[in-house]
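Start from the sequences and build out the full structure, keeping to the hints where you can.
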Amino acid sequence: MRRPLSAPTEASAIGSAEPAYRRRLRFTRDGKYFVTITLGVGFAAINTANNLLFLVLGLLLALIVASGVLSELTLRRVRVERRLPRRVHVDQPALIALVVHNDKRGFASYALSVGERSPRGFAASERCYLLKVLPGETRQAVYRRSFARRGRYALPGLVAQTPFPFGLFEKARPLGAAEELIVYPAVMPLSAGAHPTRERGEGAGAQRDRAGEFHALRDYRAGDDPRDIAWRKSARLGRPVVREHESPRAQRITLFLDNRALLPPSPAHEALQEQAVSRAASLALHYGSRGHPVALLSHSAQVPAASGPAQLERILRELALIAFVTVDEPAGDGGSGRDAALPRDCIVVGAPAAAPGAGASGY
Numbered sequence: 004m005r006r007p008l009s010a011p012t013e014a015s016a017i018g019s020a021e022p023a024y025r026r027r028l029r030f031t032r033d034g035k036y037f038v039t040i041t042l043g044v045g046f047a048a049i050n051t052a053n054n055l056l057f058l059v060l061g062l063l064l065a066l067i068v069a070s071g072v073l074s075e076l077t078l079r080r081v082r083v084e085r086r087l088p089r090r091v092h093v094d095q096p097a098l099i100a101l102v103v104h105n106d107k108r109g110f111a112s113y114a115l116s117v118g119e120r121s122p123r124g125f126a127a128s129e130r131c132y133l134l135k136v137l138p139g140e141t142r143q144a145v146y147r148r149s150f151a152r153r154g155r156y157a158l159p160g161l162v163a164q165t166p167f168p169f170g171l172f173e174k175a176r177p178l179g180a181a182e183e184l185i186v187y188p189a190v191m192p193l194s195a196g197a198h199p200t201r202e203r204g205e206g207a208g209a210q211r212d213r214a215g216e217f218h219a220l221r222d223y224r225a226g227d228d229p230r231d232i233a234w235r236k237s238a239r240l241g242r243p244v245v246r247e248h249e250s251p252r253a254q255r256i257t258l259f260l261d262n263r264a265l266l267p268p269s270p271a272h273e274a275l276q277e278q279a280v281s282r283a284a285s286l287a288l289h290y291g292s293r294g295h296p297v298a299l300l301s302h303s304a305q306v307p308a309a310s311g312p313a314q315l316e317r318i319l320r321e322l323a324l325i326a327f328v329t330v331d332e333p334a335g336d337g338g339s340g341r342d343a344a345l346p347r348d349c350i351v352v353g354a355p356a357a358a359p360g361a362g363a364s365g366y
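In the working numbering, each residue's number is its place in the sequence shown (first place is 1) plus 3.
Quick caveat, the hints were computed from the structure, so don't treat them as lab data.
Note that the coordinates shown come from a computational prediction; the quantities given were computed from them, not determined experimentally.
You can trust all of the hints, since none of them are fake.
Just the calculated beta-carbon pair ranges, DEER-fashion:
| id | residue 1 | residue 2 | range |
| --- | --- | --- | --- |
| 1 | Leu55 | Ser121 | 42 to 48 Å |
| 2 | Asp227 | Pro96 | 44 to 50 Å |
| 3 | Arg148 | Leu73 | 29 to 35 Å |
Beta carbons are placed, not taken as given, at the ideal position from N, Cα and C, and that holds for glycine.
Okay, structure coming up:
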């Protein structure tokens, strides 16, 4: 019986999306001084009944009203789209693009900052700044974000905010709901000669190879191997021709991730388990990018063998979400029953305490 442990995830702290009509307002440092002065002038005007103080108070209040109207015009009919990278790995900075559309016809948007919404409703520290977005214009900005753990992340909704026009207040408007992002395991370099299986057929595809079956005859071209020249046929035709050969078929690679949990749970054991997942992801990328059909097996899931970019995405997604499980059989038995059922040339990847037995090659 297998009992799964939780896969690494990060829940969103934002919850459901805020309605787009909601606005949030906060004072800037200058705004606090300005409001304090306005209150002081108002108090003095009421107590002294001085017309000049009432005039100054009216001007100060007019600035506050104008600030609210102009900042609302800046944020109105602004749309923001978040474009996530196709693949994000642990500890690799991800470039996230924010595309800002100003759908207004006659008013530009000034001093915009857009980013992910914090629990207080304003943009988080990682944000993008746009000085001016003209009417009908689309602008794009990019910011970096890193992820420390693999798994499923709930990215908070977006927010646009501006201190325009006087910098007294900062108004924010929510734009868009939360999105989900799958962060793939970290990729580690694989040293030369450390791959457990022979790599046959690398560079297969449109290229031809002398080791494969006969394909066709063609005219000799500069740089062709003289050993491929068909001498008898060349003599009959009066010009040199060479033999083309099909490239050998790429070898099928089967990866087995031994995702038995190391007991007792500890940060050291967790680090070893995550290293095993990273090794499996690195091997899948290494062989998959060279055209090999790759399959993934584990105690809790399997991905049938296939090749191509879509297969790599399936394997990386499975590795990103895979959880380590506790198995009733002793972890130190070498996994003899499991190894007997694995393909002979299977690559077993696991933490040191869950090392494979003698039935398959380990990594």
